[in-house]
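A.B. asks: Line by line, the protein sequences give chains V and G. Going left to right, the first sequence walks through residues 1 to 346 as our numbering numbers them. Going left to right, the second sequence walks through residues 1 to 182 as our numbering numbers them.
Because the hints were derived from the structure by calculation, they are not lab data. Do not take every clue at face value.
Claimed, not checked - Think about it this way: if two alpha-carbon atoms lie no more than 30 Å apart in a straight line, the pair counts; the simulated DSS-like pairs of lysine-lysine are: (1) K155/G to K23/V; (2) K266/V to K155/G; (3) K12/V to K40/G; (4) K58/G to K274/V; (5) K58/G to K12/V; (6) K58/G to K24/V; (7) K4/V to K126/G; (8) K4/V to K40/G; (9) K24/G to K274/V; (10) K32/G to K52/V; (11) K52/V to K33/G.
As the list claims (entries may be wrong) - Estimated spans, in silico, between C-beta atoms of each pair: (12) K12/V to G18/G: 32 to 42 Å; (13) G18/G to Q47/V: 42 to 52 Å; (14) E277/V to G157/G: 43 to 53 Å; (15) L165/G to R292/V: 56 to 66 Å.
Even glycine gets a Cβ: it sits at the ideal position worked out from N, Cα and C.
Here's the letter readout for the chains.
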Amino acid sequence: MSRKQFSDLLQKYNRGECTPQEKKFVENWFGLLGDEPLGNEQEPDWQVLEEKMWDQLHTKIQESDRPAQGSGPSGNIRFLWIGLAASVVAIASITVLYRHQLMSVFSDQKTVASTWVERENNSTHNETINLEDGSIVDLSPGSSVKYPVHFNSTKRVVYLTGKAFFDIAKNPQRPFFVYSDHMITRVLGTRFYVEEQKDAETPQVEVVSGAVAVYENSNEKKAAVNNVVLKPNQQTKFFPGAHKFVTGLVQTPKMIAGSGNSDRFKFYNTPLSKVLENLHTSYGIDIILQNRQMAACPLTANLTGQPLYTQLDIICAALNASYKIKGTSILVAGKGCKDDHITTKT
Amino acid sequence: MSILQSSNEVLVERLRKGDQLAFKEIYSRFWKKLFSIALKKVNDRAAVEGIVQDIFLKLWERKELLSIENLEAYLVTAVRYGCVNHIRLSMMHEKFELHVHHHYPQEISCTEEHVDFADLMASVEKVLCSFPESSQQIFRMHRIECHSAKEISCKLGIPQRTVELRLSKVVQTLRIYLDDYL
């Protein structure tokens, strides 16, 4: 019996189309499988595994049980927008106050609230600064940051010139703001880069994990509505001349926290739609398949250890498809696949 | 009654009514067994996670339609179907790995011996029937219904050592016939 015949037999078994004799045969064969001791494979950590799988299962069930909502992710953004809009007014007025006093704040280190500290990085490597709330600032060479010894009770504020990476302790009661010359970046608890060099053309914010909202730092009314919300692996650049934010993806998207599983990127005849869903969950980036006929195209490949764009290159090469980045989404398109299953060796 | 003490039948009844705690208890009771069975048959951790997840997911999704007499048997059967499905798909993968290696532009022609399928099935059946009834039963209970040697020993009233010996005789003989497919 050829492999194909055997595979057909197994399919009949799965569909309940076997004769009694065929059924017995498959079951006997199944009974004989797996006699070899699993020498190379370690005993799994059962406790950890059970919890992890229950969490995933639990989430899947909640998702499938939830009644269909109008528009998933954008609905959330809209909600977030409304929430933030309410505080934008407050920011605008505070901005007025601070902007006028900005120079004095930076020069004589005195404000109403508390003692401010200015740290300037004159070395050639990054400097780490620990803030009162446990947040960490990784200051790039040539940059400076100004922060209070004790944060205000309603919000946490720092001022930045140059570039820094922020790892902010989560505290929804005290939102964290990074002020730079043209931008205000508002966070809840997250990790992200802010870059606004003096006299630089385009200040930018890049999110590694969590979410931030970025506003134009200006006392003009239109600044209040000029903002973007960034999710992981997204970045935005601000063009002061045009008062515009341009939002896209970071150059090297990283997997978002909690995605550690060494077999995650191993695919066996996995339909393309599931492969893309997997990438979406791993990186938090919207990946949209433009041609429905490609959804079922099976992919067999091991994409472990490759950066996202390389993974997409491999997938597209295997399935004769292409992808392009549009804003904060990735669009995948292709003509479809023939009946053969296609594999790649990586 | 504490859920921890509920029988499987009671759990199924509660599950049918949408009881999430019953579902969690069923998961806790059987998850490891299903995972272990699948891991022996399909040596791929990620695939096994998927297979087991699918079973519980479907169990929840179809809870109102469930008509289960024996919960354990139902789940063991489900994991068997899941494994068979996975193996079938990965068989096709191997076939095409060969394809890629040899760069055949068209579908590869099989170089394996074309043993007549009907003959093979008949041979396997014959050799199995040549064993005493109890040995056949032991094989079925251990390898297909996935009971432990201890459980079988209790159910059939045969010493455990005897169960193990009879089992290995059947397995050794059958392996000769089905070696190509294992």
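A.B. asks: Work down the list of hints and note, for each, if the structure agrees.
C.D. replies: Hints, verified against the model:
1. K155/G to K23/V: Holds, because 25 Å separates the two Cα atoms, which is no more than 30 Å.
2. K266/V to K155/G: With Cα atoms ~42 Å apart, K266/V and K155/G exceed 30 Å; violated.
3. K12/V to K40/G: Between K12/V and K40/G the Cα gap is close to 23 Å, so the pair holds against 30 Å.
4. K58/G to K274/V: holds (18 Å)
5. K58/G to K12/V: holds (21 Å)
6. K58/G to K24/V: holds (25 Å)
7. K4/V to K126/G: holds (25 Å)
8. K4/V to K40/G: The given pair, whose Cα atoms are some 24 Å apart, holds under the 30 Å limit.
9. K24/G to K274/V: holds (26 Å)
10. K32/G to K52/V: holds (13 Å)
11. K52/V to K33/G: Satisfied, since the Cα-Cα distance of roughly 16 Å is no more than 30 Å.
12. K12/V to G18/G: 32 to 42 Å: holds (35 Å)
13. G18/G to Q47/V: 42 to 52 Å: Hint violated: Cβ distance 28 Å, outside 42 to 52 Å.
14. E277/V to G157/G: 43 to 53 Å: holds (52 Å)
15. L165/G to R292/V: 56 to 66 Å: holds (57 Å)
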